[in-house]
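*Asks:* Chain by chain, the residues run as shown.
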Amino acid sequence: MSELVTLSLKDVRDKLARKEVSAREVVDACMERIEATDTELNALTRPMPEEARARAEALDAGGPDPDKPLWGVPIAVKDLICVAGVPNTCGSRILENFVPFYDAHLVSRLVDAGAIIVGKANLDEFAMGSSTETSCYGVTRNPWDTNRVPGGSSGGSAAAVSACQCYASVGTDTGGSIRLPASLCGCVGVKPTYGRVSRYGLVAYGSSLDQAGPFGRTVEDTAIMLEAMSGHDDKDSTSVDRPVEPYARLLAERGDLKGLTVGLPKEYWDEGLDPEVESVLSRSLDTLKGLGATLKEVSLPLTKYAVPTYYIIAMAEASSNLARFDGVRYGRRAEKPEDLMDLYVRSRTEGFGDEVQRRIMIGTYVLSAGYYDAYYRKAAQVRRRIRDDFLAALDGCDVLAGATSPTVAWQLGALTDDPLKMYLMDIFTLSINLAGLPGLVLPVGLGRESGMPVGLQLIGKSFDESTLFQTGHLLEQALEPIGPPAGLSG
Amino acid sequence: MSTKKDILSTEEVARIARLARLEPAPDKLERYAGQLGDILEHMEILAEVDVTGVDPLYSPVEHETVFREDVAKRRATREQILSNAPQDDGAFYIVPKIV
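Note that the protein sequences, when read in sequence, are chains A and B. Residue numbering for the first sequence follows full-length UniProt numbering, beginning at 1 and increasing consecutively. Residue numbering for the second sequence follows full-length UniProt numbering, beginning at 1 and increasing consecutively.
If we strip away everything but chain B, and leave its shape as in the complex, we get (with noise of 0.2 Å):
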C-alpha cells in the first residue's frame, strides 16, 4: 500500500488544478495537498474488491437512452439566454480576444 506522501506531491496537485483551471495559492496548495492524499489514500481500499467481470454501472437504474425525433423547438428567448451574461453585445457573449 502507497503512503499518502508518494500519492500526491505538491507540483502534482498545482497540475491537476492547472487542468480543472484552478489556481489555488501556495499555502492552499500545500493544504490540498495533505487533504488530498488523505483522501485517496482512503480510496485504495478499493484494490481489495474483486471485480472481475463485472460491468460498471454508471447509472442506477439503467435507462434506455431516450430518443426523440431531431425537431429544434424553441424554449428560450436569445434575451433570456444573455440575461445572466458577465458581458454581451445583446446578440453573442463577449470574451477576451482568442486570436
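Okay, chain A solo, but in the shape it has when bound (with noise of 0.2 Å):
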C-alpha cells in the first residue's frame, strides 16, 4: 500500500498544495488501492477512474488553488447523491439505469472546493438498514474483519474512507446511518444538524430526518469537509440561512476541555452495552476527564420509546417518498404491462428489495385510515417529547456523549431474517434524528475480545457543531490512534 494513500485528507492536501505531489498522482494511489481491495471490500458501486484522472489532469494543469479548501482530494460519494451523469442507483434495481443530469448542491461545493469524485459507495438499498447487507450489488465488508458487516446503511463510505480507498466520504444519516458505520469501521463521521446541508440532489428517504454529512480517518478533516459542504440552498426549503462557522479553524482555539460540560445520558450507559464496548468508551471518559471536562449523569427517560417513535415515522414518509417511483419518469419498467396499474404493481414489486417493500408497506399502514391517529400522530406527539427530553438535558450539558452501537461488528447475515433486531441496533442513533441535533461518532478504541473498533458518539446543540469538533479533537489527540484495519490483505 502506498503511504500516500494513508495520510489524513489535511496532510495531502497540504502536500498538494505544496505541489510536492500532483492530484493526478493521487487519484492514481487511490485506484491503485481501489482495485486492490474492492474485490474483497465491495464498498463502491462504482469507482470513476476515467472521471477522476480527467479531472485531476485538468486541476493539474491549472496549478493548486489556495482558496480550495479540497484542492485535489480523492473523495467518494454515497450511491444516492446525485452526481450529474454518473449513474445513481440507491443500491437498487429499480434505478440500475437512472442518470441524474444535475449534482446536488452538497457535490457542486465540494467539486466547488476542488475535490475530486473517485467513486460511488455501496450502501443498504434506499438507505434503509444498519448493515450495508441490502444493495442489489452486494454486501460491503468490514475492514477491521471481512466476515464482519461495515454498518448501515452508508456503509460503503464508512470501509472506503477506513480501508484508505479515498480521504474523506459523503454520507447520509437518517436513524444513525453515518454514525453506526462509522463506529463499526473505525472512522469519523458526523451528522450535522438538520437544515446545515442542503438535501437538494439526494434521493429522499425519511424528509424530516436525512442529512447529509462526512467521514474522515480523523475529526479534523471531517471539520474541513462539513466546512466545504454546507450553506444554505434556496433549492431546499429545509435548509438553514444561517452562516457556517470555520469548524477547522475553530479547532486550535480550545486547548483543553475545562469548563466543558460533558452529559452522560443513564439510558445509554445502564443496560444492554456489551461489556467490551463498555469498557473502552468507560476508557475515553476517564480521558475527557483528564482533558479537564467535568462529567454529568443526565437523563432520557423516552429512551425506549424511539425506536418504534422513528421506525412510524421514517418508515411514513419513506412510503410517501418511494411513491415517486413508479416506472412512469424514471427507473425500472415491467415489461409489457397490461395497463398502467400493472405497470406501476409490477415496476416497483420488482424493482425494489425485500427491506424497502417492508418499510413502504409499515409505511402504509400506520398511514392508511383508522391507523394514523393511532401511530403516526401518536408518534409525532412522542416525538415532541423525545426533543423536549433532549433540550432538556443539554440546557445544563455543553455535549451529551455515548455509546454508537451497543456492540461492536456483528458477524454478515447474523441479523437478516430479523428485521426488528436489526431495528434494535439503532437505539443509541434515532433519537438524535428526530430532535435533528447533531452528532458526531470517533475511534475511542478496540474491544479487547473482537479487536474490532469501538465508537463513541457526542451529541450537540443546534449548530454548535464546533463543540463537537473541539471536543472530539481533543479527546482524538489524548487517545492511542486504533491504526489502520487489521483484517485487510492488500
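Note that these hints are calculated values from the structure, not bench results. Keep in mind the model is a prediction, meaning the values are calculated, not measured. Beta carbons: idealized from backbone N, C-alpha and C, even for Gly. Please note that a few of the clues may not be correct.
Computed far set for chain A versus chain B, every beta-carbon distance over 10 Å [as the list claims (entries may be wrong)]:
| hint | residue |
| --- | --- |
| 1 | 24 |
| 2 | 254 |
| 3 | 285 |
| 4 | 464 |
Quick list of the computed label-pair ranges, beta carbon to beta carbon [stated by the list, open to error]:
| hint | chain 1 | residue 1 | chain 2 | residue 2 | range |
| --- | --- | --- | --- | --- | --- |
| 5 | A | 329 | B | 18 | 18 to 24 Å |
| 6 | B | 90 | A | 388 | 53 to 59 Å |
| 7 | B | 50 | A | 297 | 21 to 27 Å |
| 8 | A | 342 | B | 58 | 30 to 36 Å |
| 9 | B | 80 | A | 67 | 50 to 56 Å |
| 10 | B | 76 | A | 1 | 38 to 44 Å |
| 11 | A | 368 | B | 76 | 31 to 37 Å |
| 12 | B | 44 | A | 279 | 31 to 37 Å |
Now that you have both chains on their own, put them together as the hints suggest.
*Replies:* This is the structure in C-alpha cells:
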C-alpha cells in the first residue's frame, strides 16, 4: 500500500498545495488501492477512474488554488447522492439505469472546493438498513474483519475511508446511517444539525430526518469537509440560512476541555451495552475527564420509545417518498404491462428489495385510514417529547456522550432474518435524528476480545457543530490511535 | 395488549401491499405478515406514553414555510427531463392506454 493513501485529508491537501505531489499521482494511488481492495470489500458500487483522472489532470494544469480547501483531494459519495452524468442507483434495481443530469447541492460545493470524486459508495437499498447488506450490488464488508458488516446504511462510504481508498466521503444519516458505520469501521462520522446541509439532489428516505454528512479518518478532516459542504440552498426549503462556522480553524482555539460539561444519559450507559464496548467507552470518559471536562449524569427517560417512534415516522415518510418510483418518468419499468396499474405494481414489486417493500408496507399501514392517529400522529407527539428531553438534558451540558452501537460490528448475515432485532441496533443513534441535533462519532479504541473498533458518540446543541469538533479533536489527540484496519490484505 | 396474530393477517398484508402498489408472492406475503406483526407489536409500547396536550412535531427545527415570488424558472430542458424516461416520444412520457 502506498504511504500516500494513508495520509490524512489535511496532510495530503497540504502536500498538494505545496506541489510535493500532483493531483494525478494522488488519484492514481487511490485507484491502485481501490483495485487492490474493492474486490474483497465491495465498498464502491462504481469506481470512477476515467472521470477522476481527467479531473485531476485538469486541476494539475491550472495548479493548486489556495482558495479551494479540498483542491485535488479524492473523495467518495454515497450512491444516493446525485452526481451529474453518473448513475445514481441507491443500491436498488429500480434505479439501475437512472443517470441524473444535475449535481446535488453538496456535490457542487465539494467540487467547487476542489475535491475529486473517485467513486460512488455502496449502501443499503435506499438507505434502509443498519448493515449494508441489502444493496442489489451485494454486501459491503468491514475492512477490520471481512466476515463482519460495516454497519449501515452508509457502510460503503465508511469502509472506503477506513480502507484508505479515499481521504473522506459523504454519507447520509436518517437514523444513524453515518454514525453507526463510522463506529463499526473505526472512522469519524458526522451527522450535522438538520438543515445545515442542503438535501437537494439526495434521494429522500425520511425527509424530516435525512441529513448528509462527512466521513474522515480524523476529526479535523471531517471539519474541513463539513465546512465545504454546508450552507444555505434556496432549492431546499428546509436548508437553514445561517452562516457556516469555520469549523477547522476553530479547532485551534481550544487547548483543553476545562469548563466543558459532558452529560452522560444514564439510559445509554445503564444496560444493553456489550461489556467490551462499555470498557472501551469508559476509558474514553476518563480521558475526557483528564482533559478537564466535567462529567454529569443526565436522563433521557423516553429512550426506550425512540425505536418505535422513529420507525413509524421514517417508514411513513418513506412510503410517501418512494411513491415516485412508478416506472413512468425514470427507473425500471416492467415489460409489457397490461394497464397502468399493472405497470406500477410490477415495476415496483420487481424493482424494490424485501427490506424496502417491508418499510413501504408498514408506512402505508400506519398512514392508512383508521390507523393514522393511533400510529403516525401519536409518534409525532412522542417525537416532540423526545426532543424536549434532549433540550432539557443539554440545558446544563455542552455535549452529551454515549455509545453509538450496543455491540461492535456483527457477523455478516447474523441479523438479516430478524428485522426487528436489526432495528434495535439503532437505539442510540436515531433519537438524535428525531430531535434534529448534530452528532459526531469517533473511534476511541478496540474491543479487547474482538479487536474491532468502538466509537464514542458526542451529541451537541443545534448548530453547535464547533463544540463537537473541538471536543472530538482534543479527545482524539489524547487517545492512542487505533491504526489501520487489521483485517485487510492488499 | 394485542398479540401479533390479531394485528395482521396475510389478507390484511395483501391489502396494504395493494395500497402501496406492491404485489409480493404468496410465500413472501406470509413471511411479511409475521415480520410486520412483530414490528407493529413492538410499536404498541407507544400507548404507554402520555401525550395529552402535546403538539405533534413533524419537522425537528420547525421551519416557517418558505415563500418565494411565483416566478417560473427554467432549470432543465425537456430533453434532460425525458432523458431517464423508460418510454417517451421525444415530447411526452408514454404509458399504457388509460381510457
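*Asks:* If a hint holds in the structure, say so; if it doesn't, say that too.
*Replies:* Tested hints:
no.	hint	verdict
1	24	holds, 31 Å
2	254	holds, 26 Å
3	285	holds, 28 Å
4	464	holds, 13 Å
5	329/A - 18/B: 18 to 24 Å	holds, 22 Å
6	90/B - 388/A: 53 to 59 Å	holds, 55 Å
7	50/B - 297/A: 21 to 27 Å	holds, 24 Å
8	342/A - 58/B: 30 to 36 Å	holds, 35 Å
9	80/B - 67/A: 50 to 56 Å	violated, 31 Å
10	76/B - 1/A: 38 to 44 Å	holds, 43 Å
11	368/A - 76/B: 31 to 37 Å	holds, 35 Å
12	44/B - 279/A: 31 to 37 Å	holds, 35 Å
Comparing the model with each numbered hint stated earlier shows that hint 9 is the single one that does not hold.
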